[in-house]
Each structure stands twice: as C-alpha cells, then as structure tokens.
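Residues in the sequence shown are numbered consecutively from 1, following the UniProt record's numbering.
Rather than coming from a laboratory, the hints here were simulated on the basis of the structure.
Please note that a few of the clues may not be correct.
[Unchecked claim] Ranges between beta-carbon positions, derived for each pair: (1) H127 / Y104: 20 to 26 angstroms; (2) N217 / R95: 44 to 50 angstroms; (3) P278 / R79: 33 to 39 angstroms; (4) A83 / D124: 23 to 29 angstroms; (5) N266 / D124: 45 to 51 angstroms; (6) S105 / D297: 45 to 51 angstroms.
Quick reminder that beta carbons are idealized off the backbone N, C-alpha and C, glycines included.
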Amino acid sequence: MAKKTNTTINNNNYYRVRAKVGMNKEGKNIMKAFYGSSKKEAEEKRDKYLEGIKRGLGVDYDKVTFEKMFENWFEIVLRPTLAISSYNRYEIQHRLHIKSAEFYSNKLLSVKSIDIQKHLNNIDSSHIAMRVYLLFTSFYKYCKKERLVIHNPMDSITRPVHEKTRKKEFLTKTDIDQLMVDFKDNDNLLIYVFALFTGLRQGEICALTHGDLDLDNRLIDVNKSLRRMKVDDKIQVVVNNPKTKESNRIVPLPVNLVNYMKKHINQEKLKHLKQGLPFSNDNLLFTSNTCTALRADRLTSRWRDYQDKVNISGTNFHALRHTFCTLLAEEGVPIKTASVLMGHTDINTTAKIYTHVDQDQKQKAIDKLNLFIK
1 MAKKTNTTIN NNNYYRVRAK VGMNKEGKNI MKAFYGSSKK EAEEKRDKYL
51 EGIKRGLGVD YDKVTFEKMF ENWFEIVLRP TLAISSYNRY EIQHRLHIKS
101 AEFYSNKLLS VKSIDIQKHL NNIDSSHIAM RVYLLFTSFY KYCKKERLVI
151 HNPMDSITRP VHEKTRKKEF LTKTDIDQLM VDFKDNDNLL IYVFALFTGL
201 RQGEICALTH GDLDLDNRLI DVNKSLRRMK VDDKIQVVVN NPKTKESNRI
251 VPLPVNLVNY MKKHINQEKL KHLKQGLPFS NDNLLFTSNT CTALRADRLT
301 SRWRDYQDKV NISGTNFHAL RHTFCTLLAE EGVPIKTASV LMGHTDINTT
351 AKIYTHVDQD QKQKAIDKLN LFIK
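Taking the hints into account, I'd like the entire structure generated from these sequences.
Written out as structure tokens, the structure is:
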C-alpha cells in the first residue's frame with residue numbers, strides 16, 4: 001500500500017507538516033516545514049526539532065554544520081582577539097589538523113564526544129593535539145552560549161597529555177667560555193654574544209635600530225619586536241610594539257661589549273655603502289649580507305651549526321636569554337631587578353629560573369659534604 005503524501009519536490013513525493021517555531025519582529029508567526037516519506041516520519045522530525053527548541057536551542061540549530069560554524073567563529077569571533085602572529089599559528093592548526101576531521105562537514109549537532117576524542121587521539125604530536133583541544137574547547141563554549149548545542153561534547157573529552165621532552169635550557173660555564181674564545185676570531189658570533197649578555201628576545205634583537213643603541217651611556221632602548229609572518233597570504237616583515245608594557249624597557253650594555261658594537265656599526269655602514277643604500281639611525285642594527293632584516297630560522301640554524309662544530313650540546317636561541325637570567329641569579333642580582341631586565345610581565349616567570357639556580361647551588365653545597373664521608 002502506497003504511503004500517503006501531500007507535496008512533491010523535484011518529482012519526489014513527501015508528506016509535509018508545519019509548526020510554529022517563533023515570532024518575527026513584526027509579531028507574525030514563524031512557520032517551519034518538516035518533510036518525511038510518511039506523515040509519521042514528518043511528525044517525528046517536527047517533534048524532535050520542537051523538543052530542541054523547548055530545551056533552549058536556537059531556531060536554526062538543525063541547519064548548522066560544524067564546518068560553517070567553526071569557520072565563522074574562527075574568522076569573526078576569534079581572529080579579532082589575536083595578534084597577527086597568533087592568528088597565523090592558529091590558522092595552520094585549523095588548516096592542517098581540524099579540517100582533516102572526519103566530522104568536519106557534518107551537522108554540528110551530530111558531532112559527538114567520541115568523534116572528537118578519536119580525532120584528537122589520531123594526531124601524532126601531543127603538543128599539536130593539545131592546541132586543537134583548546135581550540136575545540138573555546139569553540140564549543142561559544143556554541144553553547146549561542147544555543148547551538150545543549151550539551152558541550154568537550155565535557156566528556158580526555159585532555160591530551162603533552163609529553164614534554166626535557167631540553168637543555170641554558171649554557172654551562174664551559175659553553176660560555178668556548179663561545180667567547182671563538183667569538184674573538186669570528187664576528188658572526190656577535191649577535192649570539194649580544195643576546196647572551198643582554199637577555200633580549202630574538203624578535204627584540206632583530207628589531208633594534210642604531211638609534212636604539214646609546215653607546216655613550218651604554219643603554220639599549222627595547223621598544224619593538226620584529227618577525228616574519230603571513231599577511232594577506234604573503235610573508236612580510238612586521239615590526240610591532242611589544243605586547244606588554246614590561247617589554248618596553250631600557251637594558252644596560254656591558255662595558256666590555258661597547259668596542260665590539262662600535263666595530264659592528266662601522267661594518268654595517270660599510271655594508272650599506274657597498275650596497276648603495278643610505279644609512280641612518282633608523283636602519284636595523286643587525287642585518288643580513290644584503291642589509292635586509294635577519295630571518296629567525298637562519299639565526300637559529302646558524303647557532304645550531306656552530307654548536308655542532310664545537311661540540312656544545314644543543315640549545316636553541318632562546319637559551320641565550322635563559323642563560324642571561326641564570327647568570328643574574330648566580331651573581332645575586334635581586335629577582336625584581338632581573339624581572340625588569342628580562343621584560344617579564346609576571347615575576348613568577350623569573351622566579352622559576354631563580355628557583356632552578358637555587359636548587360643547583362644547594363645540590364653543589366651538599367655535594368661538598370662528600371669530602372667528609374669516607
């Protein structure tokens with residue numbers, strides 16, 4: 001027996017029922033149609049939808065896909081809150097590790113906790129899995145606030161465990177001695193020595209201009225940061241003000257570096273002359289062979305190449321800054337002073353380094369007692 005229908009769409013017969021789902025601004029009823037192969041199926045769809053409305057969902061909750069909602073949230077809600085560099089990092093996570101989810105094109109309401117958990121478990125890097133987890137968490141909080149979901153599926157997710165690999169975070173005294181010996185015969189190491197004894201961040205060093213350096217008073221005016229990032233789908237050099245007021249600071253230059261910096265400035269002037277480029281205090285302090293801004297990745301690779309050559313166990317560029325703070329702690333510089341020199345927003349960040357040094361010193365003190373133990 002043929003099922004009873006009451007409407008035809010694209011030559012297909014359906015049974016349609018209608019229900020009031022709200023009122024518009026003019027006070028008129030908003031009607032919504034529900035279709036099924038039979039009256040029973042259409043009514044079941046209607047009742048299920050109305051139950052969602054009754055439980056607090058928005059009127060269009062059944063139409064929203066995960067893909068459309070996530071991309072709207074990402075561009076309209078999240079993006080304005082981010083610095084360009086942060087947006088670029090999140091965009092990579094979205095493009096490589098969220099769009100690949102099996103549920104990405106599904107209806108938002110059909111995505112279950114188990115689907116999200118499976119996707120997170122399949123991400124090889126625990127570090128990346130954690131980033132994706134945090135994005136999903138923020139996204140679903142927004143969805144619940146907008147009445148697109150009743151239950152937040154992230155509430156049932158097992159948070160990824162970020163397994164940190166212990167890296168060497170600072171140079172030893174032997175490493176520093178080796179660097180200083182090699183520096184005497186290699187001007188290319190100046191930027192690493194400069195980083196080691198000023199504690200500046202890599203982006204802060206790359207952004208320094210000649211006008212930021214006061215050799216007479218041995219002062220460095222740290223007031224900006226440079227990095228390469230994607231802007232309108234093109235990689236550009238971007239100089240920004242520091243994120244926090246603490247990063248804007250004056251850092252003294254060690255007196256023994258002054259003559260090296262004078263020599264470096266003369267070399268920069270000569271380099272600009274050979275390139276046929278004008279030179280002024282607005283020029284970058286450290287530049288490439290063609291007088292362009294230094295690339296962070298090449299600075300890091302050169303640093304690692306040097307360490308491999310002299311058999312210093314590997315550290316990244318940031319370890320030079322960490323070592324600077326370690327040296328301050330070992331010399332008894334007050335933690336507040338160190339925090340200001342480092343440009344830390346939170347003194348607890350400095351305290352973590354100081355605590356580490358304090359523990360090492362305690363261990364060395366106890367080790368001396370071994371002389372009395374036979």
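Hint check results:
1. H127 / Y104: 20 to 26 angstroms: 21 angstroms, holds
2. N217 / R95: 44 to 50 angstroms: 48 angstroms, holds
3. P278 / R79: 33 to 39 angstroms: 38 angstroms, holds
4. A83 / D124: 23 to 29 angstroms: Holds, at about 28 angstroms.
5. N266 / D124: 45 to 51 angstroms: 50 angstroms, holds
6. S105 / D297: 45 to 51 angstroms: 35 angstroms, violated
In summary, the structure is inconsistent with hint 6 from the numbered list given earlier, while agreeing with all the others.
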